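Given only the sequences and the hints, what does the whole structure look like? Please build it.
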Amino acid sequence: MAKRVGIEVSVAIGEVVTMTNTDVIAAYPITPQTHIVEHPAKLAADGELDAEYIPVESEHSAMSACLGAAAAGARTFTATAGQGLELMHEVLYIASSMQLPVVMAVANRALSAPLSVWGDHSDAMAVRDTGWIQIFTENGQEVVDNILCAFRIAEDRGVLLPVMVNLDGFHLSHVIEPILLPEQSEVDAFLPPNDYPLPLDPAKPVTMGDFGPPFIYTEVKWAQEVNLRKSMETILKCWGEFDRIFKRCYHPVECYRSEDAEVLLLTMGSFSETAMTAIDRMRGEGKNIGLIRLRLWRPFPFDEIRNAVKDAEVLIVLDRALSFGGPGGPVSSEIRSALYNEDRRPKIVSFVGGLGGRDITVSGFQEMINRGIEISKTGSKHEFEIFGVRE
Amino acid sequence: MGKKFIDVGQELPPKIRARHAIHEVRPVTIKENFASGNRSCIGCAEVLAVRLTCKALGDNVIIAMATGCMEIVSSQLPYTSWEVPWIHTLFENTAAVASGIEAGLKAMMRKGRIPVQETKVVAMAGDGGTADIGLQALSGALERGHNFLYICFDNEAYMNTGIQRSSATPYGASTTTSPAGKVSIGQITWKKDMPAIVAAHNIPYIATACPSYPFDLMDKVSKAAAVKGPAYVHILSVCPVGWRSPSELSVRIGRLAVETGIFPLYEIENGKYKMSLDLPKLKPVYDYMRLQGRFRHLSEDTIKQIQQRVAEEYQKLVAKAEG
Ligand SMILES: Cc1ncc(C[n+]2csc(CCOP(=O)(O)OP(=O)(O)O)c2C)c(N)n1
Ligand SMILES: [Mg+2]
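Protein sequences appear in the order of chains A and B. Counting from 36, one number per residue, gives the positions in the first sequence under our numbering. Counting from 2, one number per residue, gives the positions in the second sequence under our numbering.
Calculated directly from the structure, the hints in this document are not laboratory data. Note that this is a predicted model, so its numbers are computed, not measured. All clues stand as given, with none of them false.
To give a feel for the contact side, a few chain A residues facing chain B, derived at Cβ under 7 Å: (1) 91; (2) 106; (3) 237.
The C-beta atom is built at its ideal place from N, Cα and C for all residues, glycine as well.
In structure tokens, the structure reads:
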């Protein structure tokens, strides 16, 4: 049986990565990801992790080394945050487009300038379209569980796509939580060895990363799109199997007290736990309010989202990233477009908040929800509002 | 002498033999791991260098290649010129990709997931992919000591994108981003000394080569591939389109680059310099430059200046080899 331990979430990631018997870790330090990469380095130094640890000279090279390792057929892990993720940008497209199943933890961090080491989702949103499977986690347990699932999903023969597990910088990366760490035997039962179909192997030469002229580029990209969408089946199957072994169940969209709710709040990541407390309080006041949490960001769970919100009057979406000069945060504009053609759909109110590590408290969420309800009736002179900003 | 048939290698005094060894013709494999029928330009010496390199490397290699002419000419979907495993990802990250492949093989062999064998990981890039945009990734990979061979195919500009200058473009050359004009001689910086930068990483083996000396090139590549740890080979590759030279003179121009001292052939083995060719007297740089349109605009004064610099640099190098 798994044992429950009090452990820093970043350290727990290292523990579970070790249990996956990862072959290569290539990483470059950046706050607040540092503990995620320091722990495996120590485990490798102590002989407890049998992996090649490549202390690369940049995140660009971290992801590039991961490409090489994955192409050779090795199980591959890295982690980054903020500026590091941006520096990887062009390399991320290669991982997904060449079907290299790299697993990466991202300790979400705001983007400079001004320099901020604190959390928000600007980094992840800027790489939204890179073709990775992207999961947003709420607590330490979910991080650990989904790192494990990420390997199984990424390396599945029917998928072969890189997976990014997002955890909020500091809010999740640096907290000590009681976490059920799996037993090695459970991990072995859950995660088969990586069996990459056509690795770089002198016995069976392959050409990878060709040059694609216009007559074929569109077809290659369409195949990639179809594959990413289709990965949904494998993700659901993986989470189902995970539930069977570990008795913890994950879904692309999580609903909290939402069945009869007239007003729904939608969040992503660790803020959802605070939001739940706010929902409880408001329910206590007799208000019909619920919470929707988006866990799977790519492939986007269209059906699940439509289903989850169809009966509500108002849907308040909180983004932790700005889309400068645009219609609101990326999450809100995607939800809006997913619902636009639906016959039954709630009115959508967009907020951006929690930027650069600023907290939103329980009463903050209550205030946001009340303001959202007000906007749904009176409208706002803005496309979206920034919660708690001093003007 | 007096004999009818002599074994040249046996009869010549060792000193003279050594001097001419570079020209010695020997049988080499007829197997081409870089297939014919690629899309390179007529007279491309870079593709010739790649072909010879592949002969020297043999079958047990994995190649990571940077974006550039060689990648474009060899991998257009649905075709490939590569008979050995080959991967291209981006322009500036080839040394890092090679690091990952090497580390992956090492871990998997250690764990018994793949058979243990001496597969050589080889990174290949142009001068732009090496001396400019890929320099950081290369430095990182050399410093970390991966067991890999890095080969720079230096045609002295970004040829794939249309002859823009790089830091390896020679002084006075006209390119599309260092054009000669009424008030400019073209490139106003001296060619970056890439082998010296690599040498500063204290790696076991470094060599310069040129496909105009095919056996020397293949010897060096084989030697570099046999090294345990990082090795680097810098290959001057004449580009008739970019250098505006007659395509049938590519091999000749490569020879002249060496004979004028502009591109000396040498090795640095464990820090020890060794000239590959004994050149008692260098040919004038003009002999080399006059065949190339990229230098056509240069005044006598500038050529003199170049001549002086080439002589100085060559002497410095010889001094290192003798010292
Ligand atoms: C990040 C990035 N910047 C620019 C380019 C455009 N680009 C492709 S190849 C190339 C030049 C290649 O020059 P070099 O490395 O010398 O190789 P050559 O083509 O001359 O053999 C450039 C600038 C690119 N592909 N990626
Ligand atoms: Mg070039």
